[in-house]
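Using the sequences and the hints given, assemble the complete structure.
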Amino acid sequence: MERGTDAFLMLSSSAETVYLSKLVFNCIYMLVLAAFILPCFLFFLSPPVFDYPLLVGNVAAGGIAIAAVSTVLGAMVARTGGKTAMFTVLSFPLIMPVLLVAIKLTEETFLKTATGGLKGILFLLAFCGFITAISLLLFRYIWMRD
Amino acid sequence: MLLRLSPLLMVPTIVLAFLWAPPARTLGEASRILYFHVPLAWISVLAFCVSGIASITLLAGPKEREQRLDTIAHNSAIIGIVFNLLAVIAGAFWAKISWGMYWNWDPRQITIVFLFSIYAAYLCLRIGTHASNAGVKINAVYLILAMIVLPFLVFVLPRMYDSLHPDPLINRAGKIEMDARMLTTLVLSLVSHSMVYAYILSMMNRIVRIETNRRADSL
Numbered sequence: 001m002e003r004g005t006d007a008f009l010m011l012s013s014s015a016e017t018v019y020l021s022k023l024v025f026n027c028i029y030m031l032v033l034a035a036f037i038l039p040c041f042l043f044f045l046s047p048p049v050f051d052y053p054l055l056v057g058n059v060a061a062g063g064i065a066i067a068a069v070s071t072v073l074g075a076m077v078a079r080t081g082g083k084t085a086m087f088t089v090l091s092f093p094l095i096m097p098v099l100l101v102a103i104k105l106t107e108e109t110f111l112k113t114a115t116g117g118l119k120g121i122l123f124l125l126a127f128c129g130f131i132t133a134i135s136l137l138l139f140r141y142i143w144m145r146d
Numbered sequence: 147m148l149l150r151l152s153p154l155l156m157v158p159t160i161v162l163a164f165l166w167a168p169p170a171r172t173l174g175e176a177s178r179i180l181y182f183h184v185p186l187a188w189i190s191v192l193a194f195c196v197s198g199i200a201s202i203t204l205l206a207g208p209k210e211r212e213q214r215l216d217t218i219a220h221n222s223a224i225i226g227i228v229f230n231l232l233a234v235i236a237g238a239f240w241a242k243i244s245w246g247m248y249w250n251w252d253p254r255q256i257t258i259v260f261l262f263s264i265y266a267a268y269l270c271l272r273i274g275t276h277a278s279n280a281g282v283k284i285n286a287v288y289l290i291l292a293m294i295v296l297p298f299l300v301f302v303l304p305r306m307y308d309s310l311h312p313d314p315l316i317n318r319a320g321k322i323e324m325d326a327r328m329l330t331t332l333v334l335s336l337v338s339h340s341m342v343y344a345y346i347l348s349m350m351n352r353i354v355r356i357e358t359n360r361r362a363d364s365l
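As given, the protein sequences belong to chains Z and R, one line each in that order.
1 is the number of the first residue of the first sequence in the working numbering; add one for each residue after it.
147 is the number of the first residue of the second sequence in the working numbering; add one for each residue after it.
Errors might be hidden in some of the hints.
[Claimed, not checked] Derived DMTMM-like pairs: lysine to aspartate or glutamate, alpha-carbon spacing no greater than 20 Å straight-line:
no., chain 1, residue 1, chain 2, residue 2
1, Z, Lys104, R, Asp308
2, Z, Lys112, Z, Asp51
3, Z, Lys22, Z, Asp6
4, Z, Lys104, Z, Asp51
5, Z, Lys104, R, Asp252
6, R, Lys242, R, Glu175
7, R, Lys242, R, Asp252
8, Z, Lys119, R, Asp308
9, R, Lys242, R, Asp308
10, Z, Lys119, R, Asp252
11, Z, Lys119, Z, Asp51
12, Z, Lys119, Z, Glu108
13, Z, Lys119, Z, Glu107
14, Z, Lys112, R, Asp308
[To be verified] Just a sample of chain R residues kept apart from chain Z, beta carbon distances all over 10 Å, derived:
no., residue
15, Trp240
16, Ser309
17, Leu347
I should point out that these hints are in silico values taken from the structure, not numbers from a laboratory.
A quick note: this is a predicted structure, and the numbers were derived from the prediction, not measured.
Positions of the beta carbon are idealized from the N, C-alpha and C atoms, including for glycine.
Below, the structure written as structure tokens:
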């Protein structure tokens, strides 16, 4: 089934189109997930949040950055012959910088005098932008078979 | 020929580091670790960049050169991992002397370990794609991605949060605030370590080439 879908997409669409559609799907998926989890987090743990816009921005930017990294790595893992355990091994170190910044930013939203909020969001967006641009250029080497 | 002599350059580096360069004012004799810790970290970053650039050339170049560039990229990544580990160990000893603990959760300590784990994951990917035809290209794509993440880990993240590490050599004011003899020793150490890296890389590539030729002859 999967191989059939792959073959059909290779025939009918360019690698860039496939990559962008997978990226958009993953971004929407992460945002929907965050829209469900964030209210649950606020409801059950009642953290003392002082800066709600920063918290929402952080969750959205972090989710999109994770989606950007996992889209290209997911495609690479699919090409390794279905070794799904490989995804965790590959994605964890690349997602760690995003997690580190997002956790620090969440911590800042709990402080009355948050200072580095915008810097953190910018880091997440820049990281996401770089990964997306490079992935878009390189996706055809992963997607197309010799 | 010049590369073969490169390990000899380590001799004056060691002599200058231990006998000529003065100890730093507050850190004392322990500051001599600087002449090995900084070059080790620098070489690991250089090696990772070389593996990334070799991967870009691999993807952009003709198919005949694929195997050769893949070998360079792989060997450079391995050297980078080893130098990265040595930089962490050297840094941990220095941290124990200066800050009282081997591990202090400092942003630079954390990011260099992230870098190590990214390239350790590359080795897993290489093993996983060994049997696949597309393996060479997938490995190359991963190495390029890793090279893109590298500046974020080395230059951006450590500057975003408070660190126990001193300011980089060329600081925000754009001035080099270091004793002239210390700076000379550090520069010499950087050059000698870079040459040792180039020597090791050329030797590793040569070993792979000889093994490949021997395998082809036996077939």
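Verification of the supplied hints:
A hinted pair counts as satisfied when its Cα atoms are at most 20 Å apart, and Lys104(Z) with Asp308(R) qualifies at roughly 12 Å. With a CA separation close to 8 Å, the supplied pair Lys112(Z) and Asp51(Z) stays within the 20 Å bound. For a cut-off of 20 Å, the pair hint linking Lys22(Z) to Asp6(Z) stands: about 13 Å separates their Cα positions. Restraint check for Lys104(Z) and Asp51(Z): the C-alpha separation of about 14 Å stays at or below 20 Å, so the hint holds.
For the given pair, Lys104(Z) sits about 14 Å from Asp252(R) by alpha-carbon distance, which is consistent with the 20 Å threshold. Pair hint Lys242(R) plus Glu175(R) holds up; C-alpha atoms about 14 Å apart against a cutoff of 20 Å. A C-alpha spacing of about 13 Å is found between Lys242(R) and Asp252(R), which places the hinted pair at or below 20 Å, so the restraint holds. This hinted pair checks out: Lys119(Z) and Asp308(R) have alpha carbons roughly 14 Å apart, not beyond 20 Å.
For the hint linking Lys242(R) to Asp308(R), the alpha-carbon distance of about 19 Å falls within 20 Å, and the restraint holds. Distance hint between Lys119(Z) and Asp252(R) is fulfilled; the C-alpha atoms sit about 19 Å from each other, no more than 20 Å. Restraint check for Lys119(Z) and Asp51(Z): satisfied, since their Cα atoms lie roughly 15 Å apart, inside the 20 Å limit. Restraint check for Lys119(Z) and Glu108(Z): the C-alpha separation of about 12 Å stays at or below 20 Å, so the hint holds.
Pair hint Lys119(Z) plus Glu107(Z) holds up; C-alpha atoms about 14 Å apart against a cutoff of 20 Å. Note on Lys112(Z) and Asp308(R): the hinted pairing holds, with a Cα-Cα distance of about 19 Å set against a maximum of 20 Å. The beta carbon of Trp240(R) is kept farther than 10 Å from every beta carbon of chain Z, the shortest such distance being approximately 23 Å. Even its closest Cβ contact with chain Z, about 13 Å, leaves Ser309(R) beyond 10 Å, as expected for a residue assigned away from the interface.
Residue placement check: Leu347(R) keeps its beta carbon more than 10 Å from all beta carbons of chain Z (closest about 23 Å).
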